[in-house]
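S.K.: If you want the building blocks of each chain, they are given just below.
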Amino acid sequence: MTNPAPSILPGLRFRQRFPLLALILERFVLSLLLLFAVSILIFGGLEALPGDFATTYLGQSATPQAVANIRQDLGLNRPVTTRYVEWLGNAVQGDFGTSWASKNSVSEQIGKRLGNSLFLAGFAAIISVPLAVGLGMLSVHFRNRLPDKIINVISLAAISLPEFFIGYLLILFFAVKFGMATFPATVYDSMGFVERLKAIALPTATLVLVVLAHMMRMTRAAILSVMSSAYMETAELKGIGAFRAIVKHAAPNALAPIINVIALNLAYLVVGVVVVEVVFVYPGMGQYMVDAVTVRDMPVVQACGLIFAAVYIFLNMTADILAIIANPRLRHPR
Amino acid sequence: MNDYTKYLTSRVTAGGLSRREFMGRAMAAGITLTVADKLFTESAQAAEPKRGGHLKLGLEGGAATDSNDPAKFLSQVMFCIGRCWGDMLVESDPLTGAAVPALAESWEPSKDAATWTFKIRKGVKFHNGKELTIDDVVATLKRHTDAKSESGALGVLGSIKEIKADGGDLVLTLSEGNADMPLLLSDYHLVIQPNGGVDDPLASIGTGPYKMTSFEPGVRATFEKNKDDWRSDRGYVDSIEIIGMNDATARIAALSSGQVHYINRVDPKTVNLLKRAPNVEILSTAGRGHYVFIMHCDKAPFDNNDLRLALKYAMDRETMVQKILGGYGKVGNDFPINRTYALFPEGIEQRAYDPDKAAFHYKKSGHSGSVLLRTSEVAFPGAVDAAVLYQESCKKAGIEIEVKREPGDGYWTNVWNVQPFSTSYWGGRPTQDQMYSTAYLSTADWNDTRFKRPDFDKLLLQARSELDEAKRKDMYRTMAMTVRDEGGVILPMFNDFVNASTKQVKGYVHDIGNDMSNGYVATRVWLDA
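From first to last, the protein sequence lines are chains A and B.
Counting with our numbering, you get residues 1 to 334 for the letters of the first sequence.
Counting with our numbering, you get residues 1001 to 1529 for the letters of the second sequence.
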């Protein structure tokens, strides 16, 4: 699954003495480089976009005077490279500047929004990851029998529906028809924890349904492939119980691909939930970024882009490292 | 009950119309004495406003980028929020669109309408306890008219040369006469703030019926009642919560499950489904926005007035309103003004679909071959369907239209105001003068029909400084006729503002000024338990 890239770190001895540490460091440096490259892409890409903040923001009330005032105000007349270096320098220190449109501090806003997104994603993860892995093991245990088939059909059905449709179905039944759930899922500062939990029930359920199948099927496939190997046959011949064989012997050896797919789905939970946030009126990062893109509020879009990239890269890096730890064979490149 | 009567009764219900006024207007509209009397009693009974309760609105058009600074109000949500906490100097009458006093008690123009004196109301307190003074008013207007200002009202106030306090009065000197000056001050950006909001533009301190208690841009804003409000005929609920909901389905779900009391922007395509919900009321108000097919009067073949007339007669307006607006709109008459404007020119004959006349003018124009019409979904909701419908109605008159669907991205830069025949959309303006000045004056940047007529321009400028209403109305009539019969605009329909509420919401005022009861919805309604 993971073929380690050739080393970019000097010092072969260090590498031989601490192979694990060297690999982790290497991953880390690579991730930072990647993030740097992404920052250039984000800045350059936005720079190339047609349309400009001043005209978009003022809309029909744009007079040449007002447009010129705004451009002057934001320093848009300066060269691109100057602005990029300045932006990156501040971003590294955690300062993303102020929003052009609202004049609020972007870092402060993102702090809140990211908190909300992580809260929702965290809850969805807490429910979906154990559920997916558990169901995966169950379906291996009952493979090709009724429970396996039921689990598969339901999870495939859930993954086949787009998330906004699942969201609408849940809203229709639980909020409109039965009035059981809170809708909209708007959370705000002064809200209590229990209230917050109630508010996010429906979006969490939607997210769980969306990511469940992917993780569950990967768990099932990985464990099944391990199950067909010789040592599992030995374990079976030793007279070990079937479920015990899966949990104790097969699952740990199937960890690497499972960790990978979990990391991918976690990243999706944070980064890819824009649609779910819009449908449920949930004030997370996704909605924040969409709003900013509409009016070309660059500092916000840049900050969101960078944070999304960081989340993605960080989770992938962690997955790689965990996979290496879980599978010693990956530590030594052939 | 027709729309006009509905407005009248809703005015009574809102407490804005006395019995004498109601009877006078109702009977002028052709309603018999007994019926008018009964209507008044019924609406007056429903008129006992109840106080208290927590009002929740789910509104489209908020964004994380929204700013609390009135100069930068742009979205629908901020428009509504500003009306909750702040007051302008002038408001517009919900029924007639005429200027009515707010923080300015009264006003007086000079003979040439170039100098205006406003009397400022006494004894009004800001939310922070400070009394409103003339200095606050002057500072506010100065902030919005400063050449360096980023205010959305900068364009509207462009003709103001000097702002000063004269005793306790506000005196505005204009570069040219403008009879509409008071109405321009009702612009929603022009919230009067302590010291003009110069010290802290984001503080949201005003003289309005509600004090802002929390604000998260694009998410939620909450308000509590201002106990020192200078007016008693508004601000009926104890507290307000405005939630940003940009997803149409989410708004409908929230309303039909009773989680919010009011939503805006109901899609004409789904309004009939929403109607079926037992606790929901559809609130549709005539608006000034209109959908247009624009021809450049200076480019062939549209430089021929007979061809333009042929294309106007070939437009089936009734079908457009039914099919494209789902019936939530009014037919247009090929000039950009409707009954919602003050000084609307009465008695202009409604142009109807007439294939024979269209064929006659088409033949007379000498044009042959097809006419290319460019359109896109972004021009207005349903624009492509509208273009195809038009193609059909033209066919019956023997005119061949070729519909070209353009990509939405870049439509406003590459097609609109560039290509000779395309579909487009106009939002309304507060006054007829502004509507014509924006799009029909020869020198206007947005003269998207290339309508260049010195006589029209002259009349427009004359009307601007004419204080005699009858004379002015007459001028507007001549202008409307010119645009209608010789201009380059085919204007099939004015779209309504379609909103919805639960049946608990009472006293909704159908304000012709703008959407959501001209933004005042939260301060005008009350909740019936």
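Hints were generated in silico from the structure; no laboratory data involved.
Nothing here was measured: the structure is a model prediction, and the numbers come from that model.
Heads up, some of the hints might be wrong.
[Claimed, not checked] Stretches of chain A that chain B covers, calculated by requiring three or more beta carbons in the stretch to come under 8 Å of a beta carbon on chain B:
hint	stretch
1	67-78
2	171-177
3	229-240
4	270-282
[To be verified] Straight-line alpha carbon distances no greater than 20 Å define the calculated SDA-like cross-link-like pairs of lysine to any residue that follow:
hint	chain 1	residue 1	chain 2	residue 2
5	A	K103	B	D1200
6	B	K1161	A	P64
7	A	K103	B	N1272
8	B	K1142	B	A1203
9	B	K1148	A	Y168
10	A	K198	B	Q1259
11	A	K103	B	L1202
12	A	K103	B	S1214
13	B	K1275	A	Q16
14	A	K177	B	D1200
15	A	K177	B	K1503
16	A	K112	B	K1142
Ideal Cβ placement from N, Cα and C applies to all residues, glycine included.
S.K.: Next, verify each hint and record whether it holds.
M.R.: We went through each hint and held it up to the structure:
1. For the stretch 67-78 of chain A, the stated coverage by chain B is satisfied: 3 residues place a CB nearer than 8 Å to a CB of that chain, which reaches the threshold of 3.
2. Note: the stretch 171-177 of chain A has 4 residues with beta-carbon separation from chain B under 8 Å; the three-residue rule is met and the coverage holds.
3. With 0 residues having a beta carbon nearer than 8 Å to a beta carbon of chain B, the stretch 229-240 of chain A misses the requirement of three or more and the stated coverage is violated.
4. For the stretch 270-282 of chain A, the stated coverage by chain B is satisfied: 4 residues place a CB nearer than 8 Å to a CB of that chain, which reaches the threshold of 3.
5. For the proposed pair A/K103 and B/D1200, the alpha carbon gap of about 12 Å is at most 20 Å, so the pair holds.
6. Straight-line distance between C-alpha atoms of B/K1161 and A/P64 comes to about 19 Å, which keeps the hinted pair within the 20 Å bound.
7. Between the alpha carbons of A/K103 and B/N1272 the distance comes to roughly 41 Å, so the proposed pair goes past 20 Å and is violated.
8. For the suggested pair B/K1142 and B/A1203, the alpha carbons sit about 18 Å apart, so the restraint of at most 20 Å is met.
9. Pair hint B/K1148 plus A/Y168 does not hold up; C-alpha atoms about 47 Å apart against a cutoff of 20 Å.
10. A hinted pair counts as satisfied when its Cα atoms are at most 20 Å apart, and A/K198 with B/Q1259 qualifies at roughly 14 Å.
11. A distance of roughly 10 Å separates the Cα atoms of A/K103 and B/L1202; the hinted pair therefore holds under the 20 Å criterion.
12. About 17 Å separates the Cα atoms of A/K103 and B/S1214, which keeps this hinted pair within 20 Å; it holds.
13. Proposed proximity of B/K1275 and A/Q16 is contradicted: the alpha carbons are some 74 Å apart, above 20 Å.
14. Distance restraint check for A/K177 and B/D1200: the Cα-Cα separation of roughly 46 Å exceeds the 20 Å cut-off, and the hinted pair is therefore not satisfied.
15. A distance of roughly 18 Å separates the Cα atoms of A/K177 and B/K1503; the hinted pair therefore holds under the 20 Å criterion.
16. For the suggested pair A/K112 and B/K1142, the alpha carbons sit about 36 Å apart, so the restraint of at most 20 Å is broken.
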